[in-house]
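S.K.: Could you fit the two chains together into a complex? Lean on the hints.
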Amino acid sequence: MQDIANLFHGFAVVVQPFNLVLMVVGIVLGVIVGVLPGLGGANGVAILLPLTFSMSPTSAIIMLSCIYWGALFGGAITSILFNIPGEPWSVATTFDGYPMAQNGRAGEALTAAFTSSFVGALFAVIIITLVAPLVASFALRFGPPEIFAVYFLAFCSFVGLSKEPPFKTVASMMLGFGLGAVGLDQMTGQLRLTFGVEQMLNGFDFLIAVIGLFGIGEILLTMEEGLSFRGKAAALNMKVVLQTWAKLPRYWLLYLRSCLIGCWMGISPAGATPASFMSYGIAKRISKNGHLFGTGQIEGVVAPETAAHAAGTSALLPMIALGVPGSPTAAVLLGGLLIWGLQPGPLLFVEQKDFVWGLIASMYMGNIVGLLVVLTCVPLFASILRIPFSVIAPVIMVFCAIGAYTVHNNTFDVVMMVVFGVLGYFMKKTNYPMAPMVLAIVLGDKAEESFRQSLLSSQGGLGVFFSNGLVSTIMALGLIALFWPLIQAGWSRLRSGKLRPAE
Amino acid sequence: MNQTANETGGTGPSHRSVEIGVALFMALLALIGIYGSIKVGIGWGDEGPRAGFFPFYVSLVVLISCAVNIVSVLPTDKGRVFAEWGQLRQVLSVLVPTIIYVALVPYIGIYVASALLIAFFMRLFGHYGWLVTAAVSVAVPVMTFLMFESWFLVPLPKGPVESMLGF
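Heads up: the sequence lines are chains U and D, in that order.
Position in the first sequence (first residue = 1) + 31 = my numbering.
Position in the second sequence (first residue = 1) + 206 = my numbering.
Only chain D is shown next, with the shape it has when bound in the complex (with noise of 0.2 Å):
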């Protein structure tokens, strides 16, 4: 699929297509908004509007909202794209690896997981030397260390590694 794109160079989904999916998917919000609110409760209880009120009213506004997107959008043009493949990979290239980073935080912590997120990155898009990788993606981390448990005393999740190092 990537190949021929690349050859024709401009296709992609359309923006219509995209357009109405987020307003769907917000529609779905809304759906379990009011379907939520009606289980606590939307009526007027002993001490005045039940918890589901306001969130009821307010979902069901989205609702409304996002029918009258959804058909202002119907009768656009349908060749306009919403961005080429390419342009989709590299915004995955980066999504990817940064869903990987915020799943491995609360395992190995932020500082050594912090550090591979910057030496990936460096090593994929900047194509840099192995030493600058190295020296550019511990120094953050410990810089940042210094500074937030140190100076700030704010403390940040931590993992084995430097519960080896003894903090």
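For reference, chain U alone in the conformation it holds in the complex (with noise of 0.2 Å):
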């Protein structure tokens, strides 16, 4: 009860005119990054990071927040009109979204699109209100064991669960790991890993290497393939809207179980785009009309939508209960927190009532404006893809460098950041996965400290990380998701084995 009055708090918080108006900024913005190439939600809260340093923690979390809204809802724009996923997690919409548009349906396809996106999302929030009080009110326990096993389990979960070969996914995490560690030691105040490099003092910050590897590696990836868009015209009228919004209730089963799918891939740290995949894939499978998907059916752009929305708000509830943050895009809120002078973990709830209830508040809101605004300003926003690549690529560039300069007010960051986009460009090429890597900067200081807080407790011996029962369950949950394939593998060859006599 009293988290629903926190909950109406954060409401009042949240309709101020101010806040309103940010809500609004923040979700076009969120559009314009999600239908652009080169600019995802990552990169694009990371660049616009800066704009929030003089405002109070919970208008510019309101603002950041709906800029990732305004992203995942942005992303189908272009994956139904113009068959260019704007994100990753929208690759599966243009399956059937793109079809529908070629036989003329642009509008259905695009109203289905976002009412799934809102129906994912309102879902994962209201999970979010009912789970995370519980979740955080649970980890406030936790000892550093038990911190540095949540942090273990969600690694372990990108290894098991990334489509990605296993040891490139430990490769680029434990590097993500390695140059967190560069610079002051938190522990001992000793520096380490500088090489007597004045500029590498700070260490390298995770915003520039998410500006670096999603967005300049993102445009030079876009160039190497050569852009061409050939794009339909779509404007959305009150009518197609309607029409669209009387079928979709008969589709009841396919949304929850794609919430379901979206929620749990968003939880674990698996993101936004496998739910997606997975979603579709399921829908495909157990769909009557699974064998037109493809072809332009309006489940095929339902089931991917809702489970990526689903997905990509559900990952913030460990960044918000935990300060676990499930995706890329949720770290650099993260790193939002941290700048604006919060603790991100479980005493949040607790010391910033006001800042985590407004969040929440926002997300329910910031989803509403978000569906009216992209049904309402659909063409204006097809219209920005029509800018040739050869103005929006500089432009984009320059977002960039303003944004990797402003972190710290250092230049030395932006060539940091181009650096960072060479490795990004490679690493994409040869399918190592970047998220781990950037998650793996974000907490490396944290995992570190609470693993050695926990050795220092038991003078070295790694019994401490299975020395109670609830240490240990989250340990063996980490090693279960880390051996998930081979798990698998293993399973199913046993019951191959076991039907082969039978046979």
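Keep in mind the hints are simulated off the structure, nothing from the lab.
Treat the hints with care, as some may be off.
Unchecked claim - Pair by pair, the computed Cβ-Cβ distance ranges are:
1) 231(D) to 527(U): 37 to 45 Å
2) 273(D) to 277(U): 55 to 63 Å
3) 227(D) to 317(U): 52 to 60 Å
4) 227(D) to 168(U): 48 to 56 Å
5) 268(U) to 341(D): 33 to 41 Å
6) 500(U) to 252(D): 29 to 37 Å
7) 161(U) to 237(D): 44 to 52 Å
Given the structure is predicted, the values throughout are model-derived calculations rather than measurements.
No residue lacks a Cβ here, since even glycine has one placed at the ideal position from N, Cα and C.
M.R.: Encoded structure:
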């Protein structure tokens, strides 16, 4: 009950005129970020982070999280109209969305996509409202070993659940930890890995890495592939919207399933992209129209969009409740918390009630505002893609550079951004996942601190990570996630082995 | 080299060699990490694990993973092309101006450098007329200036031109 009162208090904060304006600004910027190639949710938020330095933390998080919602919505526009996924998680939306647009049903596809996004996000926000306070109050009892175990679980899930080769995930993640370790050692105050280079004293900021890896790297990739936009014109009128809305309720089971897949994949840091593919794949297998998927089925739009949004939103749950972000964008938001002087983690629910509940309330409001904005402004956003890449590319570069500079008011960071950009280009081309690297840079210090504190209390014995039921359970879950591909392979071999004699 | 590449169409560095190159680069970083960690001490000090303890093991895992990645890529098809030379030239044609841009920022300020970068791209890739190019490449930095310096009060690097204008 206390939580409900807090939530309403949060709504009161959010509907202040200034915050409402920020919300609309954030959504519009977010959709633009989502529509443009080379700018994604994570580096869009990273670039715009400096704009919030002078705001109160609550207003700042409202604007930044709305940029995130906007980016989630925006990815669908380009997938459906141009067959170009603006974001990786909208790749699955192109399978049926673009054929629908080609058949002259662009309006229907867009309405279905936006509505599904909204439903997915709403479901995830409700989950966050109900579950996050419980998780946080539970996590207040965590000591260093438990905290390390949670990090362990998060990173193991990356290795086990990602579709990239596991050793590439490990290499990229551990490199991230290594980069995060450069500079001042938090515990001993000693300098390490700087090799006397003055610029490296502060270490590598993950915001620079995000802007370089996701921004510059993406532009280099786009240049290599060569861009040609052949878009369908689209205008949404009320009639199409209402007609589509009348159709959608019959897919309630599909919605529910996609929401659950999305939330599950979002909370474990697998993220929105695999969630959208999984949801699409399962919908294709179960639906009686499954064989028609790929030719413009509305279910083929509903399934991935719902799951992607549910995952994208629920990725904030572990960020709010535990201080462990579930996605790169959540990691950037977490970085924002640190810059605004808030300590992420379970204590946030106790010490920063206004902030947390303002954020949660803004998730409800932001998605409602977002739905209205995208439904009314599709032609406007689609026209952005008609600006030639030769104009957009340098402008994106300029904004990346500004974003990188403003993190520490340091031009060396801008150089590092380009280095990360080149690294990102090669990593992407050779299938090294970048999200684990970014999360490792963000969480490196905290993971290391909890690890060393745990070892300190046990005088160096690793047994401390299995010393009580709670920490053992989390560690065991982590190990299961780590070896999940092996377990799965072993299980299917076992089953086929058992089946064979019966045949 | 580029001439022949264009004639044959699909040649370029093989995917396999780039794959090995990336792994070797990461391994090099790992070795630097191991060296740096040993320098500050990887053992157990008075106040628990020393500063190099964590980065040492992390770098070690990177090194092992790189070895596995190199071994797993060795038997793959040598013929698969990483990218065609023409495509790589496209990439370089973006990367080189960006590097020059970044190098110029500390000296001439971000606004003038940005205007030059945008103008360069529009002329070279977009083949725009001078008038349009000038309009866009001046308008974007000016709007950026208003947004950051005036509206959100975030100072950006400025050069001689801005100080001449009195900022």
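S.K.: All the hints need checking, so say for each whether the structure fits it.
M.R.: Here is what the structure says about each hint:
no., hint, in the structure
1, 231(D) to 527(U): 37 to 45 Å, "holds, 41 Å"
2, 273(D) to 277(U): 55 to 63 Å, "holds, 59 Å"
3, 227(D) to 317(U): 52 to 60 Å, "violated, 44 Å"
4, 227(D) to 168(U): 48 to 56 Å, "holds, 49 Å"
5, 268(U) to 341(D): 33 to 41 Å, "holds, 35 Å"
6, 500(U) to 252(D): 29 to 37 Å, "holds, 33 Å"
7, 161(U) to 237(D): 44 to 52 Å, "holds, 49 Å"
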